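Following my numbering, the numbering of the sequence shown begins with -15 at its first residue and continues without gaps.
You can take every hint at face value.
Computed beta-carbon distance windows for the label pairs: (1) Tyr154 with Ser100: 14 to 22 Å; (2) Ile89 with Thr15: 16 to 24 Å; (3) Leu97 with Ile33: 20 to 28 Å; (4) Gln106 with Lys54: 25 to 33 Å.
Heads up, simulated SDA-like pairs for lysine to any residue below, C-alpha to C-alpha not over 20 Å straight-line: (5) Lys43 with His25; (6) Lys118 with Arg70; (7) Lys83 with Asp121; (8) Lys118 with Asn144; (9) Lys83 with Glu129; (10) Lys115 with Thr101.
Hint data in this document are derived by calculation from the structure and do not stem from the laboratory. Note that this is a predicted model, so its numbers are computed, not measured. In this text, a Cβ means the ideal position worked out from N, Cα and C, and glycines have one as well.
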Amino acid sequence: FACPSLDEPNTLAATHKMTLVNNTIEKLKITSCTAHHQQKHWPCKNTLIVAGGWAFSGKLPAWIQSMLEKTGYQVSRVVITSGQGRNTHHPTVIQLELKGTSGWIDPTWVRILKPSTGVFQQSTGRISVPKGTKIIDIEFDPVDEIIGVKLHIFATDTSNNAIVELIEVYGMLPDEGYVLHHPAPTG
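Please construct the entire structure, taking both the sequences and the accompanying hints into account.
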């Protein structure tokens, strides 16, 4: 964000699309969703208002697509909460896709923050977590111009069903005239 005491360098950054630092990552608002199947009394819209959650009657693979309030976000993290009050009904194998303004994008350099025992399979893009995992917290290299997120579920810890209570998407919407650049990790 522009700093008033450094007006000239900030103007230069804006006009030459240079990198800005100290941008705030925040929870982005999700306004709508669709799903491949919705179990009676467990529609995807429940994930928007934290009202019980979305379930899919054991019809795997399953997916839910959540759309962001505005277009053009830079997204770098997704948190999935499931089956909070249960010992079962959690996804155990998932995959994320990001809906960009020009199509679907697979996140890169995926890091599983929670649980610490999760595994990311680079070749398939799938994430595996232990049974009973209630929160899956995934971070990845920031991706620009995102308008939505799609969660695929391939396996669960009971009856091929899960209850996804909440999907949280984190990122930022750059100020007009600025292009934010995050260097790619090395290794």
